[in-house]
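Protein sequences appear in the order of chains A and B. Numbering of the first sequence is given in the numbering used here, commencing with residue 1 and proceeding in unit increments. Numbering of the second sequence is given in the numbering used here, commencing with residue 301 and proceeding in unit increments.
Since the hints were made in silico from the structure, they are not lab data. Hints are supplied without guarantee of correctness; some may be wrong.
To be verified - Some chain A residues close to chain B (C-beta under 8 Å, calculated; not the full set):
(1) 64
(2) 225
(3) 293
Backbone N, C-alpha and C define an ideal beta-carbon position, used for all residues, glycine too.
Letter by letter, the chains look like this.
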Amino acid sequence: MKVTIINLLIAAALGAALAPPAQAKTKVVVTYPYIASLVGEIAKDQAEVSTLAKGDEDPHFVVPRPSFIGKLRQADLLIINGASLEIGFVPPLIRQANNPKIAPGAEGFVDLSQAVDLIEKPDSVSRSEGDIHPEGNPHFILDWHNLPAVARAIADAFARIDRAGAGTYRKNLDALLARWKVKSAEWDKRSASLHGKSIIQYHRLFDYFALRTGMKIVGELEPKPGIPPTSRHIEDLIQANAPGSLYLVVTDPYHERKSAEGLAQKMSIPWAVLPQDVAAVPAAKDLVSLFDTMLASVLR
Amino acid sequence: MIDVLFSAFLLSVVLLGIHSYYGLHIIERGIIFTDLGIGQMAAFGAAVAILVFDGKYMYPVSLAFSLGGAFLIALSTKRTRNHEAFIGLLYAFGMSAAVIALSRAPRGAEEMQHLVAADILFVPMHAVFKTAILYAAIGTVLWLTLKRLRGTWRELLFFGTFSLTVTSSVNLAGVLVVFSILVAPAFIVSGIKRSFRTKLLLAWALGTVLNLIAIVASYFLDLPTGYTVVALYALSGIVFSLVRGL
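Generate coordinates for the entire structure from the input sequences, incorporating the hints supplied.
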């Protein structure tokens, strides 16, 4: 009996050794779920993706866990949002991972913010102005027309790392862009009625979204970026905006809701929680449903 | 992966080396919360540096605040009878003042969390070596001179070097990590009737085992390392005193 089991084990081991090796997948680490969705569209099953942040986590501050270092050590490709959004957690991770393949400047390091034009570049950067990103506002993905450039940057990176698969990545990218064009036209049409409407947001998070839909952002609940709302600042917001001039108060899934709700109640206007990433709210399952959900939350 | 775990482990051993020495002294003096008080003042100093100087001059500002705190504690052990109450109040002040300062700084809540228990997995090796050299120097000076000094000079040396050490450690590892490493091993071995030297060696041995368990557990269970160290040290102290009490 024992002999049979050992024989079986040997046979199994030999079989495993002799079988043709499965094609090695590109190991990719991305910071946010939306990047993982894009990688999924472009590389399909050619990539093994690990995502550091959860969708409903504050993208500015992701709690680093020991496993992040291990993932970065083995990665062939690291794709980040960039524009200092990950400044709090990615640089120490890269340093401790000590993996030359994904070091900034290497072939396997991709900063997506390089692919788009950023808005709100500050003239000077000082902490007294709050949590300002020197490169400009980093939440560029919330304009659906920025997505094709970002997708192209990802496809280019895969083609660099895995030349043999370049054709496949190109084909997948084209398929995504074709679908995206149809959806974008639909969203452009849907958001036409939002044009000129004034909103207040919690953080400078939805500026690209507002720019695309034609909404006007007249203020933030935060007195300065990254500083929690104070009662005096909320009072100032109420004083500065005439009753009836505001359309909506919007906030994100990871900040407290009380301030947004309180302001909306005082001004007798509705308020809404908008997802800022894939998986930030359950309805935003993928890139398409992210923008569907965002528009559905502001159209009323 | 081993090298990252190793540098975190090395850091925890470096911290243990000097802090369990202070821990034994502090338990003997009955001013256990001194470390929390001084550590929190260092954290308040760091918060002020973040708010006022944009995060520059963190170390000197932090050191100035902790020296101020140490001076007040040294004064109170002379003047007041219930100095534990005084130290507790100093801790509460340092904590609340740091929160108030950071409420005006961007991402203050995260900075605060970092000051309480930082992630020692992200401390680079050269910082570990720098700290090891500094603490070895402080330790040697204390070992050679403390027993020869009396009165005010002794207090000055003790609290002065203590503030310097706590400030450096808090910047690397956070207030709670430093406190638990300082108190737990010293507390556990303090009941043993042996010489100071034996107790120190026992505290080192015990702390090294705890460090190893905490860091390996935090890696395999994927938990924040700083808080894992604090939880394990605190739990060991609590379990030990319960077992001894029964």
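Each hint, compared with the structure:
no.: 1; hint: 64; result: holds, 6 Å
no.: 2; hint: 225; result: holds, 6 Å
no.: 3; hint: 293; result: violated, 27 Å
When each numbered hint is compared with the structure, a violation occurs for hint 3 only.
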